[in-house]
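Asks: So the chains spell out like this:
2 protein chains.
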Amino acid sequence: MSNFKDVVIIGFGLIGSSLARALKKADPSIEITAIDMNHDYLNYALDNKLVDAAYDYYDSYLADADIIVLCTPIGQMGTVAESIAPYITDKTIVTDAGSVKQSVIDSVSEALPYPEKFVAAHPIAGAEKSGPSAGFATLFTNRWLIITPIDETDLQAVEKVTALWELCGANIDFMEPRHHDLVLAITSHLPHLIAYSIVGTATNMAEDLQREVIKYSAGGFRDFTRIAGSDPVMWRDIFIQNKESVLDVLQRFTEDLSELQKAIRQDKGAFLQDQFTKTRKIRNAVVDSGQAGRAPYDEQ
Amino acid sequence: MSNFKDVVIIGFGLIGSSLARALKKADPSIEITAIDMNHDYLNYALDNKLVDAAYDYYDSYLADADIIVLCTPIGQMGTVAESIAPYITDKTIVTDAGSVKQSVIDSVSEALPYPEKFVAAHPIAGAEKSGPSAGFATLFTNRWLIITPIDETDLQAVEKVTALWELCGANIDFMEPRHHDLVLAITSHLPHLIAYSIVGTATNMAEDLQREVIKYSAGGFRDFTRIAGSDPVMWRDIFIQNKESVLDVLQRFTEDLSELQKAIRQDKGAFLQDQFTKTRKIRNAVVDSGQAGRAPYDEQ
Chain X
98 MSNFKDVVII
108 GFGLIGSSLA
118 RALKKADPSI
128 EITAIDMNHD
138 YLNYALDNKL
148 VDAAYDYYDS
158 YLADADIIVL
168 CTPIGQMGTV
178 AESIAPYITD
188 KTIVTDAGSV
198 KQSVIDSVSE
208 ALPYPEKFVA
218 AHPIAGAEKS
228 GPSAGFATLF
238 TNRWLIITPI
248 DETDLQAVEK
258 VTALWELCGA
268 NIDFMEPRHH
278 DLVLAITSHL
288 PHLIAYSIVG
298 TATNMAEDLQ
308 REVIKYSAGG
318 FRDFTRIAGS
328 DPVMWRDIFI
338 QNKESVLDVL
348 QRFTEDLSEL
358 QKAIRQDKGA
368 FLQDQFTKTR
378 KIRNAVVDSG
388 QAGRAPYDEQ
Chain V
98 MSNFKDVVII
108 GFGLIGSSLA
118 RALKKADPSI
128 EITAIDMNHD
138 YLNYALDNKL
148 VDAAYDYYDS
158 YLADADIIVL
168 CTPIGQMGTV
178 AESIAPYITD
188 KTIVTDAGSV
198 KQSVIDSVSE
208 ALPYPEKFVA
218 AHPIAGAEKS
228 GPSAGFATLF
238 TNRWLIITPI
248 DETDLQAVEK
258 VTALWELCGA
268 NIDFMEPRHH
278 DLVLAITSHL
288 PHLIAYSIVG
298 TATNMAEDLQ
308 REVIKYSAGG
318 FRDFTRIAGS
328 DPVMWRDIFI
338 QNKESVLDVL
348 QRFTEDLSEL
358 QKAIRQDKGA
368 FLQDQFTKTR
378 KIRNAVVDSG
388 QAGRAPYDEQ
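So the protein sequences, as listed, match chains X and V. So the first sequence is numbered by the working numbering: it starts at 98 and just counts up by one. So the second sequence is numbered by the working numbering: it starts at 98 and just counts up by one.
Among the clues, some could well be false.
A pair holds if it fits inside one copy or across any two, identical chains being indistinguishable in the list.
Simulated crosslink set (DSSO-like; lysine-lysine; CA at most 30 Å straight-line) [claimed, not checked]:
#1 K146 <-> K188
#2 K312 <-> K226
#3 K340 <-> K312
#4 K188 <-> K257
#5 K359 <-> K226
#6 K102 <-> K146
#7 K375 <-> K340
#8 K226 <-> K146
#9 K359 <-> K340
#10 K359 <-> K378
#11 K188 <-> K122
#12 K122 <-> K146
#13 K312 <-> K121
#14 K102 <-> K257
#15 K122 <-> K257
To be clear, the hints were calculated from the coordinates, so they are not data collected in a lab.
Take the sequences, apply the hints, and build the full model.
Replies: Structure below.
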């Protein structure tokens with residue numbers, strides 16, 4: 098039996114709907130409320146019995162919540178926190194599922210009356226498709242859930258958020274917020290930026306060439322299109338809110354790419370082979386870590 | 098019944114061994130000979146009955162071949178062509194499976210006594226792993242096989258190479274060699290260069306950070322490590338032999354990436370969202386083309 102009865106999910110897209118499915122599956126007695134401004138999403142949630150109640154406004158019903166989970170794009174989280182602030186008590190735990198942590202902590206903590214009850218968290222799971230119908234109950238199973246508490250964060254609140262995600266099958270880890278943002282800039286944000294960029298390069302090509310690129314996309318480009326098919330609003334917010342770390346790792350990447358470019362121009366085969374052999378070692382380490390076999394694509 | 102009885106495969110790695118498997122499966126009466134300097138590869142081929150004969154040298158047995166398929170890294174193809182030249186007749190068709198076409202046509206045609214019987218071709222299929230044990234019979238099933246004939250190429254030779262790959266289940270297409278090299282630079286070579294670069298960036302990081310990047314690699318980075326786990330020698334050759342097209346598309350990519358970088362620095366959210374929405378359309382076109390569902394990774 099879980100130690101929370103009433104969970105409110107704000108933002109009922111891929112992550113929000115997957116969370117609802119996972120919780121209902123783990124403990125059908127948990128009451129789940131969805132909040133979204135998109136009526137199609139709310140109707141989907143009700144029609145599929147993923148939630149017990151659904152609202153497109155914030156009101157006193159929020160006072161009953163044991164835990165409120167913000168699953169909106171991160172750019173909206175400060176505003177959402179302002180909207181729920183009048184209705185919550187010092188018993189209400191608030192958490193989020195955003196891909197950037199420091200900026201969310203800043204904007205949400207400032208808006209909430211009990212910022213010590215806000216526990217920033219990030220499930221490293223997702224999919225290329227968005228919206229509630231893309232969600233599924235096992236999205237978080239055996240995936241990492243990173244909690245980034247700060248000095249002020251209430252420890253019991255951290256425990257409750259840990260329990261919530263453990264119920265969904267996630268493995269919990271803790272990290273300092275800015276460090277999380279740097280690590281994710283490398284493992285997720287930079288790969289997405291690059292994928293968006295290379296697929297964008299194709300959109301600028303002549304129509305004939307573009308058609309051929311699509312036709313013969315199996316050569317690696319296809320993998321990039323999958324990443325570049327991710328939710329545009331979500332990723333707009335991530336890049337802007339994690340600007341500092343993203344620009345930092347982009348700078349390192351650009352330097353390394355220039356070095357490879359120069360080696361190609363100067364026919365430095367031995368250098369290239371040496372570099373490509375080193376990267377193979379990282380691949381093997383990823384395979385050894387047990388992260389490689391997950392299919393087809395799991396990211397937020 | 099196929100119209101060739103004696104096929105020689107030079108270079109018995111992933112592609113060569115997959116070709117042998119596919120041919121034997123389609124028509125067990127085809128006699129297959131493997132040539133490789135690696136005795137482990139030859140023993141593997143014989144032990145697993147993938148071939149009827151195996152050699153680590155070139156000799157008069159080559160005169161019996163109906164078709165000789167060069168499956169070595171492209172940097173070695175000119176030398177291999179020189180080695181087989183003394184033994185072949187004007188009946189022998191020579192073809193290849195290299196990822197770059199113009200440079201292979203140049204180096205191989207120059208070395209062969211009957212260059213009109215050389216048909217350059219490229220199966221757009223592959224895998225992250227290399228070596229003969231990584232091969233499988235269905236590697237080319239429903240994959241594109243691009244033939245890049247030039248004015249001098251003998252049409253009957255083209256027909257035979259078409260028949261060879263159709264026997265393996267491939268879909269045949271024709272292209273001008275330099276145009277092939279440009280299209281592949283976009284769909285395959287640039288994505289590989291970028292993947293090598295971003296994974297290379299991680300190899301330069303402090304050990305602690307690198308460990309975390311591997312641990313949380315599910316966020317997109319993992320897909321890049323898979324691409325960057327490809328054969329170092331093969332890719333060294335591809336970049337150097339397709340230098341012109343690779344540097345051309347790399348230039349376009351770098352310009353587009355700089356534009357995204359500037360938009361992030363200047364908080365231009367609307368521009369980013371607009372760009373990310375355009376790339377989603379390309380993803381949908383790839384899905385519609387039927388190229389998206391192939392798993393897990395198929396490339397050369």
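Asks: If a hint holds in the structure, say so; if it does not, say that too.
Replies: How the hints compare with the structure:
no. : hint          : result
1   : K146 <-> K188 : within (27 Å within a copy, 71 Å between copies)
2   : K312 <-> K226 : both (22 Å within a copy, 24 Å between copies)
3   : K340 <-> K312 : between (35 Å within a copy, 23 Å between copies)
4   : K188 <-> K257 : within (12 Å within a copy, 77 Å between copies)
5   : K359 <-> K226 : between (38 Å within a copy, 27 Å between copies)
6   : K102 <-> K146 : within (17 Å within a copy, 63 Å between copies)
7   : K375 <-> K340 : both (29 Å within a copy, 22 Å between copies)
8   : K226 <-> K146 : within (21 Å within a copy, 45 Å between copies)
9   : K359 <-> K340 : both (28 Å within a copy, 11 Å between copies)
10  : K359 <-> K378 : within (23 Å within a copy, 33 Å between copies)
11  : K188 <-> K122 : within (25 Å within a copy, 68 Å between copies)
12  : K122 <-> K146 : within (12 Å within a copy, 51 Å between copies)
13  : K312 <-> K121 : between (42 Å within a copy, 29 Å between copies)
14  : K102 <-> K257 : within (12 Å within a copy, 71 Å between copies)
15  : K122 <-> K257 : within (18 Å within a copy, 58 Å between copies)
Hint check: no violations occur; every hint is consistent with the structure.
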